[in-house]
Amino acid sequence: MLAEGAATASAILVRGLRKYYGAKAAVDGVDLEVPRGSFFGFLGPNGAGKSTTIRILTGLIPYDSGSVELLGYRLPEQDLEIKRRIGLVPDESLLFDRLTGVEFLEFVGRMYGLTRPVAMERAQGLMDLFQLQADRKIIAEYSKGMRKRVAMAASLIHHPELFLMDEPFEGVDAVGARLMKDILIDQVRRGATIFLTSHVLEVVERLCDRVAIINEGKIAVCRSMAELRSGGESLEDAFVRIVGAEHRMERLDWL
Amino acid sequence: MIAAILRAQFLSMRPGSSRGFAWGAVSAFFWYGFWLFVSLVAGVFAAHAPADLLRSSLPLGFMGVCIYWQAMPVLSASMGSSLDLRKLLVYPAPHEKLFRIELLLRVTNAIEMLMVLAGAVVGLLRNPASGGPAVLPSLAGAPLVFALFNVFLASGVRSLLERLLSRRKVREVVALLLAMMWVVPRFLMMTGAKPAWLTGASVAMRSFGWPWSAAAHAAIPFGESAGSMALAWLSLCVWVGLAAWFGRTQFERNLRYDSLAAQATPMKPVSKRTHLWSERFYRVPALLWNDPLAAIVEKELRTLMRSPRFRLVFVMGFTFGLMFWLPMVLRRNASHSGFLAQNFLVIVCVYAMTLIGQVTYWNCFGIDRSAAIFYFVAPQPISRTLLGKNIACMFFLYLEATVLTVLTLAVRVNFSIGQAIETFVVIGICAAYVMALGNISSVHYPRALTPERVSQSGGGKPAQAMVAMLYPVVLLPVGLAYIARYAFESEVAFAVVLAMAAIIAAIFYWIAMDSAVKAASARRQLILEELSRGDGPVGS
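Order-wise, the sequence lines are chains Y and V.
If you read the first sequence in the working numbering, its first letter stands for residue 1, the second for the next number, and so on.
If you read the second sequence in the working numbering, its first letter stands for residue 1, the second for the next number, and so on.
Source of the hints: derived by calculation from the structure; they are not laboratory data.
Remember, it's a predicted structure, so these values are computed and weren't measured experimentally.
Ideal placement from N, C-alpha and C gives every residue a C-beta, glycine not left out.
A couple of the hints might just be wrong.
Here are some chain Y residues the structure puts well away from chain V; computed CB gaps all over 10 Å [as the list claims (entries may be wrong)]:
(1) G37
(2) T58
(3) D64
(4) K83
(5) P90
(6) R98
(7) T115
(8) E167
(9) G231
Selected chain V positions facing chain Y (in silico; Cβ < 8 Å) [as the list claims (entries may be wrong)]:
(10) R253
(11) L301
(12) T303
(13) S307
(14) G338
(15) F339
(16) S370
(17) A371
(18) P451
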């Protein structure tokens, strides 16, 4: 059973969110509602505001206006309550390179309030689950795919209610990706909410039940996957049409 | 191509904030201001010294320039900027051109020595004995060729060291040996334990056969026979040729070197007993504190112990540091009742604390690099992280002090148990001051450090010099306790002032922590950007 958060139907509730970098609005009046227990895909072209939104949701950067609630707790006022309940896989590495995989997982568990024996036990279990060898090798020597597996294992160790994942499958081989997808699907089945960004639209199409597409800082569309594909379009076709990025194939003289 | 690489590096080096730029500018002003002063002194000396004095002193001066050029980067555990060959090898860049950039970097690494040489040349020109502009070609040419020799040699030494320092286990030993090479002769000289061969060596160092002597003779053409001048130039040119060959071949070998393979963890399993002991060591914080503080301290202990960069400064604290200060109390004429002799243990421990500071408290997120993001997303206040990092640093500091106490006893520098206790108390108070300031500097001036590289600087040379200048200011309250002891010849006065210093340290630490936490919250995005920043084609 997942721990009970504040009683709301939404895992994420964002209203009128704005974030400016100088005069440019990276996020421009975003409204977003992610139901609890959903597998939510957050898509957008490069520079559309995806990572900025995720960074705001994780409390890494402050926002300029609007309101953000995660699991019924308000950000930034109740950020510690939120942090205790979320699992994060950011696009950049949050792994401490000089620790071994199992040491890192144990450390993360203890930071999230687990006792040492429990953290150790869960760390070992996650190492096995993610098919990582618990040897002397420090994380600095891990491949990119192994690093992603450790990062995802770390996001699971405290049994969070909500996962925020920025490109979790990037650099992971097919076997690893399958393993990670199965684990995520299982988490949703158990009641967790997953909010993920990915440029691999096939993955989003297969996993997510709801999708929001952000373009130039604004939510262009937020629908269920079934609604989005109702016209017989694939997610890729819908995505390209919505962000208006259909390109002309031009030839460069020198190419 | 060279211009493109340099431009890419220039663009990569743009400061992240105006504050970073201001800090860099101020520290550069003081650093190069100091060297401008030194070059003026060299110029005034060269302008007024009689020819005989010039002939005997100039070789020593040139030898000093050479030692600084080659050894100073090693001593400061920083080898200056270098080409990041892994980034550049993918481009069709001829090795010759890359080598030219490498040489340029070796020039920029010792700008201050060029300033000193320029000062000396101007001084020599103004010297009445020189004969004026007629000797300019030889007078200016010899230092220039000598500079070229140093650039080639520095390039070769750097390449060689880079390979040696990238090997597991070898790197710390090599770096330590290099540092010891600098202090051992001084130690032998000052303690009077100078072996006979060293006397012979110091005379031989002035012979034409050495590059500094050859350059010095070539730079003072007045009063020299044509034969000896030719010999000096010949010697200098041979040295330049040898240095060029050495630099080029070492650079080429670096191009073919796989540093990642050299750093890989060996497959050989570690012995059960070693593993047990190391685990016991890492688990000590859990006996003293509750989680998450214990977890943070434990994580820091593991991280620092596995960082070659930290291990080097830690070992240097009780080897290089001891060898540096020991001659002052062991030398033949040293007073055993002097300040240094009576407070030797405190001084070496404080010195060790300054060495550790580069990698720990001044830039406490540096070794974590982009993983520092974890501290901002974890459900713990950032003050706990800073406290945990400070405790881990104190842990190593007291470990260092313990080793130094044992070694000091072993080399028969006498001290009482009271003095040992005093040292441990003083170290604790000093640490509170420097860590308070370090916490502020860590959130305002974070910089990513590469733990595998024992040679990377914690900041530029000027910035390091600025940090060194901060120590006397920040440790002044503790210094006042010692002044009180000697001014009033009273242990009570010492204890009272030290107690006051401790109280002020606690208040200062508390205020600084509050300020650092606020700054970390406001600047978290900038901090993470700085810690994730890449080096560009020329790595630091």
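We went through each hint and held it up to the structure:
1. For Y/G37, the non-interface assignment is confirmed: its Cβ lies about 22 Å from the closest Cβ of chain V, beyond the 10 Å cut-off.
2. Listed as outside the interface, Y/T58 is inconsistent with that label: its C-beta sits roughly 5 Å from the nearest C-beta of chain V, within the 10 Å cut-off.
3. Remark: the non-interface label on Y/D64 is consistent with the geometry, its nearest Cβ contact in chain V lying 13 Å away (cut-off 10 Å).
4. The beta carbon of Y/K83 sits about 4 Å from the closest Cβ of chain V, which is not more than 10 Å, so the claim that it is off the interface is violated.
5. Non-interface status of Y/P90 relative to chain V is broken: a Cβ of that chain comes within 10 Å, the nearest being about 6 Å off.
6. Consistency note on Y/R98: stated as away from chain V, yet its beta-carbon is not over 10 Å from all of that chain's, at 4 Å minimum.
7. A Cβ of chain V approaches the Cβ of Y/T115 within 10 Å, the least distance being about 7 Å, so the stated non-interface status is violated.
8. The claim that Y/E167 is not at the interface with chain V holds, since no C-beta of that chain comes within 10 Å of its own (minimum 15 Å).
9. Non-interface status of Y/G231 relative to chain V is upheld: no Cβ of that chain comes within 10 Å, the nearest being about 39 Å off.
10. Given hint, V/R253 at the interface with chain Y, is violated; its Cβ is 24 Å from that chain's nearest Cβ, farther than 8 Å.
11. Violation of the interface hint for V/L301 is found here, the shortest Cβ-Cβ separation to chain Y being roughly 10 Å, above the 8 Å cut-off.
12. The closest approach between the C-beta of V/T303 and any C-beta of chain Y is roughly 4 Å, which is under the 8 Å cut-off, so the hint is satisfied.
13. Taken as an interface hint, V/S307 checks out: its beta carbon lies about 6 Å from the nearest beta carbon of chain Y, inside 8 Å.
14. Hint status for V/G338: violated, given a least beta-carbon distance of 43 Å to chain Y, over 8 Å.
15. A cut of 8 Å between beta carbons decides the hint on V/F339: the least distance to chain Y is about 40 Å, and the hint is violated.
16. The closest approach between the C-beta of V/S370 and any C-beta of chain Y is roughly 5 Å, which is under the 8 Å cut-off, so the hint is satisfied.
17. Hint status for V/A371: holds, given a least beta-carbon distance of 5 Å to chain Y, under 8 Å.
18. A hinted interface residue such as V/P451 counts as satisfied when its beta carbon comes closer than 8 Å to some beta carbon of chain Y; here the least separation is about 6 Å, so the hint holds.
Hints 2, 4, 5, 6, 7, 10, 11, 14 and 15, counting from the list given before, are not met by this structure.
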